[in-house]
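> If you want the building blocks of each chain, they are given just below.
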Amino acid sequence: MKPVELINISKSYDQEQHVLKEINLTIEKGEFFVLVGPSGSGKSTLLRMIAGLEAITDGKLKFNGKLVNHLPPKDRDLSMVFQNYALYPHLNVEQNILFGLRAKKIAEDEQKRRLMQTTEMLGLSDFLKRKPKELSGGQRQRVALARSIVSESPLCLMDEPLSNLDAKLRAQMRMEIKRIQKKLDLTMIYVTHDQVEAMTMGDRIMVLNDGVIQQVGEPIELNNAPTNLFVASFIGSPKMNIGSAYIENHQIVIEDTLRISADITTVTGWLKERKFTVGIRAEHIKQTTEEHATHQLEVVNVEQLGNETLITFEIGNVLWTAKWLGQWLVSVGDYVPVSISMENIHFYDTNTGDLLKAAEQEKEREGIAL
Amino acid sequence: MNQLAIPHDHLETLELKNTLKKQKILRWLKGMLFLAPSIILFSIFLFYPLARSIYLSFFLTNNTGVPTVFVGFENYINIFTSPIFRNSLQSTFLFVLYTVPGAIIISLFLAIIANEKLKGIGFFRTMFSSTMGISVAAASVFWMFLFHPTMGWLNQILSYVGVDAIGWLTDPKWALLSVSISTIWMNIGFTFLILLGGLQSIDRYLYESADIDGAGYFYQLRRITLPMLSPTLFFVITVALINAFQTFGQIDMLTRGGPQNQTNLLVYSIYREAFMNYQYGPASAQAIVLFIIILIITLIQFKLGERKVHYQ
Numbered sequence: 001m002k003p004v005e006l007i008n009i010s011k012s013y014d015q016e017q018h019v020l021k022e023i024n025l026t027i028e029k030g031e032f033f034v035l036v037g038p039s040g041s042g043k044s045t046l047l048r049m050i051a052g053l054e055a056i057t058d059g060k061l062k063f064n065g066k067l068v069n070h071l072p073p074k075d076r077d078l079s080m081v082f083q084n085y086a087l088y089p090h091l092n093v094e095q096n097i098l099f100g101l102r103a104k105k106i107a108e109d110e111q112k113r114r115l116m117q118t119t120e121m122l123g124l125s126d127f128l129k130r131k132p133k134e135l136s137g138g139q140r141q142r143v144a145l146a147r148s149i150v151s152e153s154p155l156c157l158m159d160e161p162l163s164n165l166d167a168k169l170r171a172q173m174r175m176e177i178k179r180i181q182k183k184l185d186l187t188m189i190y191v192t193h194d195q196v197e198a199m200t201m202g203d204r205i206m207v208l209n210d211g212v213i214q215q216v217g218e219p220i221e222l223n224n225a226p227t228n229l230f231v232a233s234f235i236g237s238p239k240m241n242i243g244s245a246y247i248e249n250h251q252i253v254i255e256d257t258l259r260i261s262a263d264i265t266t267v268t269g270w271l272k273e274r275k276f277t278v279g280i281r282a283e284h285i286k287q288t289t290e291e292h293a294t295h296q297l298e299v300v301n302v303e304q305l306g307n308e309t310l311i312t313f314e315i316g317n318v319l320w321t322a323k324w325l326g327q328w329l330v331s332v333g334d335y336v337p338v339s340i341s342m343e344n345i346h347f348y349d350t351n352t353g354d355l356l357k358a359a360e361q362e363k364e365r366e367g368i369a370l
Numbered sequence: 371m372n373q374l375a376i377p378h379d380h381l382e383t384l385e386l387k388n389t390l391k392k393q394k395i396l397r398w399l400k401g402m403l404f405l406a407p408s409i410i411l412f413s414i415f416l417f418y419p420l421a422r423s424i425y426l427s428f429f430l431t432n433n434t435g436v437p438t439v440f441v442g443f444e445n446y447i448n449i450f451t452s453p454i455f456r457n458s459l460q461s462t463f464l465f466v467l468y469t470v471p472g473a474i475i476i477s478l479f480l481a482i483i484a485n486e487k488l489k490g491i492g493f494f495r496t497m498f499s500s501t502m503g504i505s506v507a508a509a510s511v512f513w514m515f516l517f518h519p520t521m522g523w524l525n526q527i528l529s530y531v532g533v534d535a536i537g538w539l540t541d542p543k544w545a546l547l548s549v550s551i552s553t554i555w556m557n558i559g560f561t562f563l564i565l566l567g568g569l570q571s572i573d574r575y576l577y578e579s580a581d582i583d584g585a586g587y588f589y590q591l592r593r594i595t596l597p598m599l600s601p602t603l604f605f606v607i608t609v610a611l612i613n614a615f616q617t618f619g620q621i622d623m624l625t626r627g628g629p630q631n632q633t634n635l636l637v638y639s640i641y642r643e644a645f646m647n648y649q650y651g652p653a654s655a656q657a658i659v660l661f662i663i664i665l666i667i668t669l670i671q672f673k674l675g676e677r678k679v680h681y682q
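So the protein sequences, as listed, match chains A and B. Position 280 of the first sequence, counted from 1, bears residue number 280 in the working numbering, the numbering being contiguous throughout. Position 69 of the second sequence, counted from 1, bears residue number 439 in the working numbering, the numbering being contiguous throughout.
This is chain B alone, in the form it adopts within the complex (with noise of 0.2 Å):
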């Protein structure tokens, strides 16, 4: 009897590896499929675009983008001595400056202006969070008549004040401010969405033990919301900075990287070299450019970010 039970139970266990076996192929298949649309979108749109890019920056093109002449890294060499786009990246550095910390404090007062519980409250937080639901377009036409130089509220108000009158998009000196002026308005109503809906989850209860502590608003504000708030700070800042960095629409709209390339911002920059002279190769070697900075500053942030942030 024993002897037969032992090729017997050696039998089983075979049998037993080989169906885990099959299941393990079969969830594996099943999981495939669940990724099969995400994998071949981010393939024909991601990709195989990147490949394509990081290809086409070692080479010079003809103006139908068809590959003519290996350079190596010299599409690399030129944009790096080119002043144009060294303009180009210090204004978008500029940029990301301005609009990045502008649009985050702002929305961060007014979501916790609009987190207090007031009758009619949700009146302004349907207005703070409005130009999320206008389109880039949309707003940059609206900005445009503000910022028009003789028609223009703001320089009507200016002249109210008594103000010479300001060449908003047209001066070298405030173009770049302008846009993005107009950037951080268009980007509060998303920012300040998120950071209201942050602030919402933060348990009630923190704030009433605070009370019955002794603990007042400010020190609320600073050793109970902003802690909390933070992995949402987090996000809205990696986003708003990628954002940032990849602006277009506003630009394109308003000045159309002028005046004097002041607001050239790198994909911006990108569009004109591919678009307008049809130099595909060292406009895709600004594009590995620009995915590289985005890469690199979004690798720091979220080193940075592990040590700051409390996740619950």
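Isolated chain A (complex conformation) (with noise of 0.2 Å):
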């Protein structure tokens, strides 16, 4: 008995404009669940779904065993906090969060406890007869929360709560409910553009794109072992470096410029004389010794992080970059020194963007992680 699961669920619009396409989906109670995907991706639709206040053209939703598909918002016994807050601006702060207890006409003292403990928890307990107008963005954002906490349901939908904040808070707001969730045992389903809020806050994460699902796991595993190239550029930041290769002369040769020696006996069983395309993440481009470089690299550009650096370097017609960590004293134009290793590769099929192989060294660090 999964809270949700999702089979082959699609969405289209006049029966041809597919905006979702078969997603088949479990998630797990206690779970703080993911929806990640650039703008048009589908990814509000689906939630929208899942709340009722979109139509659902095709498949079956059920919580809990039940079937969902035609029950009305209300009945589906959920709660969701809107990107704009959805705050009725001629309530205050109470009354906003009790609406919905009121129209369910639960006891006054129950209604009582309930705003209780959610206010102090969220800090709003001073705020309590202030208008919606009258609060900062994160004060409206602790209210659209509470609304949600307050009704006690199990299951919470979030779409894009945190966009219309500014990056400090969001970053405090991102822990919050992260914790709330945890402390009330929340089955979350959280929907963002925002692949670090993705990669921060859920327990799994689905990556979708134009309507289709590209790859869901932990966050971990969506980083080190990219299914394809899209969810590879998608997640990370900075975003992972990616080039067209080649093997020639048991090299591998990116981009046309860049060339890595490869233990060519490994390798040329699956990739053979095509050309195919790589993948390294920015950290696996490091900072070393003369002696021990591979390669060495015009830097045309730097980005001073404060505890980290990115240096960007120009590989055949693409840009990469390198994160390094600590401060480096490096120009525009200056040759640094970098060690690029065979084992940090990730190699993708060109016309599909498939993987074929993920990269080595990290596979063994998640092991030795685990």
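No wet-lab data here; the hints were simulated from the structure. It is possible that some hints are incorrect.
[What the hints assert, rightly or not] Capping the alpha-carbon separation at 30 Å, the derived lysine-lysine pairs in DSS-like fashion look like this: (1) B:K487 with A:K105; (2) A:K74 with B:K487; (3) A:K129 with B:K673; (4) A:K129 with B:K678; (5) A:K105 with A:K131; (6) A:K133 with B:K678; (7) B:K489 with A:K21; (8) A:K239 with A:K66; (9) A:K168 with A:K104; (10) B:K673 with A:K133; (11) A:K60 with B:K487; (12) A:K60 with B:K489; (13) A:K29 with A:K183; (14) B:K678 with A:K104; (15) B:K489 with A:K131; (16) A:K105 with A:K168; (17) A:K60 with A:K168; (18) B:K487 with A:K104; (19) A:K131 with B:K673; (20) A:K239 with A:K357; (21) A:K74 with A:K112; (22) A:K62 with B:K487; (23) A:K182 with A:K168; (24) A:K129 with A:K62; (25) A:K2 with A:K21; (26) A:K104 with A:K74; (27) A:K21 with A:K74; (28) A:K178 with A:K323; (29) A:K62 with A:K29; (30) A:K66 with A:K29; (31) A:K62 with A:K168; (32) B:K678 with A:K112; (33) B:K487 with A:K21; (34) A:K2 with A:K74; (35) A:K62 with A:K74; (36) B:K400 with A:K74; (37) A:K105 with B:K543.
[Unchecked claim] Computed list of chain B residues with no C-beta within reach of chain A, every gap over 10 Å: (38) K400; (39) F443; (40) E444.
Given the structure is predicted, the values throughout are model-derived calculations rather than measurements. Virtual Cβ for every residue (Gly too), placed ideally from N, Cα, C.
Hey, can you piece these two chains together into the complex? The hints should help.
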């Protein structure tokens, strides 16, 4: 009995324009599940279908084993936080939070108990009599959160709840939402376009693009073995460095410029003579000394982040970025020694974008971590 | 150096002050330039007539409107002791009481049903707002036919049902009601359109959130739609009230104040007094009374509105 099951869920408008195609998904109890994808990928539509705000064209949606396709939102026993919070501007914080409970005619003292508990947890006790317009963005966010918590529904849906906050507040609310979710043992479905949010908050993540599931997995899994080029470039910051490559004289030649020696015997079996695409994470273009360097690359851009340095190189027609811990005083035009190792490289099929072989190094590290 | 610098500084601040002053005057002139058309038009068509009416209300005039005898407040005393004016005042208040709530409740109902997203709803929206495009004169002619004692559809329908014909516009008991019904019909278009606009500007997320919270249709209507619509409602009520007090066209077309002065509303009474009886003094006094009534009611409404209306 899974709290949420999606079986072959599809959505189309006018019988032709497919927004979502055959989504199959199971969400566990108490799980923080993140739907992530670029805008227009259908993630919000999927969430609204789960909420009952959008009709399901095809497929089955089950809550706790029961089919709910036909149920209106109010009978699905869930709560939802909207991107713009959807607070009632004419009601004060207390009335906003209790709106749903009053609509459902829940006993007065029970309302009071839940209100006290929730507002204390979210630090809203001092603002109960204020109108939404008298609150800051972060406080409004909390009211929206409180309204969802106070319903005590076991399933909570969130549609980009943090996208209207500034970066600092966003980081803080990320932690807070995650903390509350664990504390109340909520099953959470969280929609975002921000991969950092997805990686930091999700127990599991589903990457969606053009209405098709790209990959479902734990954050580490998505980072270490992205199943296709889309996930590879979408997850991770800065994004994975990607280049087209082929094999020549026992070397992998990337973008016709970068040559990496490879143990050809392990590779040729599945790569043969065709072209393919390689991907390498920014942190795997390592800083090294002159004698250990595999390559000397010219710096075209430097970003100092304080605790780390992003250095951009030009590899053929593409730009690759390296992420080095610490502060490195390099300037544009310098040639710096780097080490790029075969074991950090992911191999993808150029035509389909599918993963041919994930990097060995990362698999090992995953083993150690576990 | 220092000694020199101080007077120089002083000079600079003086110059700055002067420039700022000049800029201020220039800004004021520019503002006035933009206001000038309104000020001129209002002065000619509003402020001067208002002042002239107040002046005239203290005089008796000859039949060309030239003040002849100063009578002080006698005009006011006379109209308030006149049973015809008191009757006209009563009719006006009754008329307002019938038409304002009537038009707004019907329009609100129509706007709420026309706000649903259904196929072909555009047709109904056009129909419901169509009376806005019909002039009072045209609408009055149309209603005159409906109200016609023998040929009118209303009486024909009544006769089918077996009810005696009603003298819609000729029976003193019915005349005011008949005029009110036609006025409500004429006002629905405008009121409907404004209310529909108000409804459509309510964020749809509020309803979605309420759906998830488990609020039913009527709960949402009472707790979300009406409060969120209150600024629009307030506007519509204010405009409708003022319009109702100033009704003239349909009275002139349908009943000419009759029967037995039952539909002799204030503006029509003023018109009669001034342009049929050539009593410009008493007519001006009536006009000032009407002005004060509308002013007071609007003020009261704003005072009450402040507490009840939720602006975003």
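> Hints first: check each against the structure and report whether it holds.
Evaluation of the provided hints:
no., hint, verdict
1, B:K487 with A:K105, "29 Å, holds"
2, A:K74 with B:K487, "20 Å, holds"
3, A:K129 with B:K673, "23 Å, holds"
4, A:K129 with B:K678, "17 Å, holds"
5, A:K105 with A:K131, "23 Å, holds"
6, A:K133 with B:K678, "17 Å, holds"
7, B:K489 with A:K21, "27 Å, holds"
8, A:K239 with A:K66, "41 Å, violated"
9, A:K168 with A:K104, "37 Å, violated"
10, B:K673 with A:K133, "23 Å, holds"
11, A:K60 with B:K487, "26 Å, holds"
12, A:K60 with B:K489, "28 Å, holds"
13, A:K29 with A:K183, "13 Å, holds"
14, B:K678 with A:K104, "25 Å, holds"
15, B:K489 with A:K131, "37 Å, violated"
16, A:K105 with A:K168, "39 Å, violated"
17, A:K60 with A:K168, "40 Å, violated"
18, B:K487 with A:K104, "26 Å, holds"
19, A:K131 with B:K673, "21 Å, holds"
20, A:K239 with A:K357, "19 Å, holds"
21, A:K74 with A:K112, "22 Å, holds"
22, A:K62 with B:K487, "28 Å, holds"
23, A:K182 with A:K168, "22 Å, holds"
24, A:K129 with A:K62, "39 Å, violated"
25, A:K2 with A:K21, "22 Å, holds"
26, A:K104 with A:K74, "10 Å, holds"
27, A:K21 with A:K74, "26 Å, holds"
28, A:K178 with A:K323, "28 Å, holds"
29, A:K62 with A:K29, "13 Å, holds"
30, A:K66 with A:K29, "15 Å, holds"
31, A:K62 with A:K168, "37 Å, violated"
32, B:K678 with A:K112, "26 Å, holds"
33, B:K487 with A:K21, "27 Å, holds"
34, A:K2 with A:K74, "20 Å, holds"
35, A:K62 with A:K74, "15 Å, holds"
36, B:K400 with A:K74, "58 Å, violated"
37, A:K105 with B:K543, "48 Å, violated"
38, K400, "33 Å, holds"
39, F443, "47 Å, holds"
40, E444, "51 Å, holds"
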